[in-house]
Amino acid sequence: MATGLPTTNGHHPNGDDSNNFAVKAGLARMLKGGVIMDVVNAEQARVAEEAGAVAVMALERVPADIRANGGVARMSDPALIREIMDAVTIPVMAKARIGHFVECQILEALGVDYIDESEVLTPADHAHHVAKHGYKVPFVCGCRDLGEALRRIEEGAAMIRTKGEAGTGDVVEAVRHERAVRAEIERAAEILEEDGKANDATETSLRTMAKSMRVSYELLRQTAELKRLPVVNFAAGGIATPADAALMMQLGCDGVFVGSGIFKSGDAAKRAKAIVQAVTHYQDPKVLAEVSTGLGDAMVGINCESMKPGEKLAVRGW
Amino acid sequence: MTEQSRLVTVGVLALQGAFSEHLQLLRLAGVSLPIDDSDKITWSFTEVRTEEELSQCDALIIPGGESTTMSLVAERSGLLEPLRDFVKASRKPTWGTCAGLILLAESANRTKRGGQELVGGLDVRVNRNHFGRQVESFEADLDLPFLETLNDSSITREHVKPFHSVFIRAPVVEKILQPQQGIQDEEASVPETIIAPSKVAKINIHDSSIEKGVEVMARLPGEAVALSNKDITARATGDEGNIVAVRQGNVFATSFHPELTGDARIHTWWLDQVLKAIERS
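These protein sequence lines map, in sequence, to chains B and E. So for the first sequence, full-length UniProt numbering puts the first residue at 1; every next one is plus one. So for the second sequence, full-length UniProt numbering puts the first residue at 1; every next one is plus one.
Isolated chain B (complex conformation):
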């Protein structure tokens, strides 16, 4: 897992605590070391809860089906979300379209515990993400690189996940995104450390980097000092096996989202439990070998290399 988040940085970088950022980022901290599972009905939600999921993502269709069905993918029917909220006692998350702030208002009114402003649904705004600070409910957003992650945090996201390539069962894109974020944090940290202390040259280099990422210098600097994202960072998009989950944990993620990987596989309950065990014991290959044994068929999946650019969901988001 990643270097520890300092205990006190659950605050908006501009020092604005009026919107409970510590409480919003705090729930994400409680989910660390856990697995968040996509579910489409109460029955699946119960399977996820019994498997040890730390939260469920309530959806009408898992990403693999969204991909197969095509058309416009929107926020789920509130009746479905309510049914899932009634079925389990763990936190329930739900997805809104990128930029669709009214879907977010509706999800907040329903009382969901987290909103995922997600590229898996069809974007509703070609240029803007939702301004997230004003909501009481916390947000998680996807990213492909550090700039995207920090832009989402500035907008108010209290948790970040890699985008990966949802609904494929191919972990390659999640790995690419996590490695990209880490490489850029390292580069920023190196700039900071070059002269041992802040001086004009350091500041100029970092400001240039911040500008190219379209983020504030202050947030980039904070990230470089922490040597990690300043909020909880999960892996998502294409995770299908216990080994995939442990791979993302060893790469430095704080926890894992599993979408289509569980309920599109042969034995969902068994695979779900195995992935939960793998995320706790991600550094113990013996446990990983044990839980990877006899899981039945994994989801068939789509090789990301063979996809046309227009088929990729991760490119959505700005």
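Mixed in with the good hints, there may be bad ones.
[Stated by the list, open to error] Calculated pairs, DSBU-like style, for lysine-lysine (alpha carbon to alpha carbon, straight line, at most 30 angstroms):
| # | chain 1 | residue 1 | chain 2 | residue 2 |
| --- | --- | --- | --- | --- |
| 1 | B | K227 | B | K136 |
| 2 | E | K276 | E | K202 |
| 3 | E | K202 | E | K40 |
| 4 | B | K227 | B | K211 |
| 5 | E | K175 | E | K276 |
| 6 | B | K270 | E | K112 |
| 7 | E | K161 | B | K136 |
| 8 | E | K112 | B | K136 |
| 9 | E | K112 | E | K199 |
Derived by calculation from the structure, the hints in this document are not laboratory data. This structure is a prediction, so every number in the text was calculated from the model and none was measured.
Dock chain E against the given chain B, drawing on the hints supplied.
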């Protein structure tokens, strides 16, 4: 020959949740703890995921996280019975925060369908997710008089300062139960309430404070909570306020998250309690 240093190992259960935050504050507290013979203590703060790691520990923190996840993973990792031995048979110092409070309770309600496994150790009934969902999570300043017992004058003054606390989908202690040697059998008959299995303390461990029962260590003033759910408000904001910190013998628990504050005073106090317990044994 130099004086022998005593190694004290404090574990943080690292199955899931905010364990790294506790480890960071323990390290701070370990340095700042004002004890006369501090040079004789060497602290080791460590993550606990296996029975073997637990067996190295003199004391344990069960952090915040999802209590259902922690109890399921503990069970599947062969840790549930070792945890019960640690807390209830060996009676080693244990502190639970939020999910940890739920796991350390002898009785709990509003758990998932089919209930969940509890470790037990505290004769209380805990109401899980008492305040509701995430949008009802909040921060509040608490008066914690027990922090004043730290016997160092240089920091005592600071203890007067209220403790800023974070409550996230937090449980509360709904009822203090009579101390029982075995299971809480009256609780077993309360609808939708689950209880922890019995585990008798080892004969050579005598701790009269367990028989004395549960001490209330902190309450949340009623007016501190602004709830959107009026049904809950009526019950939750009694004159005395909700019980949010308790102690019984070796077990201490808080329904809030001191690990999210950067304030290590409770960790410092608890490490002092750990040392006192080790001296007694």
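Okay, the hints, checked on the actual structure:
Note on K227(B) and K136(B): the hinted pairing holds, with a Cα-Cα distance of about 28 angstroms set against a maximum of 30 angstroms. This hinted pair checks out: K276(E) and K202(E) have alpha carbons roughly 19 angstroms apart, not beyond 30 angstroms. About 29 angstroms separates the Cα atoms of K202(E) and K40(E), which keeps this hinted pair within 30 angstroms; it holds. Restraint check: the Cα-Cα separation between K227(B) and K211(B) comes to about 19 angstroms, which is no more than 30 angstroms; the hinted pair holds.
For a cut-off of 30 angstroms, the pair hint linking K175(E) to K276(E) stands: about 28 angstroms separates their Cα positions. At most 30 angstroms may separate the alpha-carbon atoms for a hinted pair to count; K270(B) and K112(E) meet this at roughly 19 angstroms. At most 30 angstroms may separate the alpha-carbon atoms for a hinted pair to count; K161(E) and K136(B) meet this at roughly 28 angstroms. Using a Cα cut-off of 30 angstroms, the hinted pair K112(E) and K136(B) holds, with the two alpha carbons roughly 25 angstroms apart.
With a CA separation close to 24 angstroms, the supplied pair K112(E) and K199(E) stays within the 30 angstroms bound.
Of the numbered hints listed earlier, not one is contradicted by the structure.
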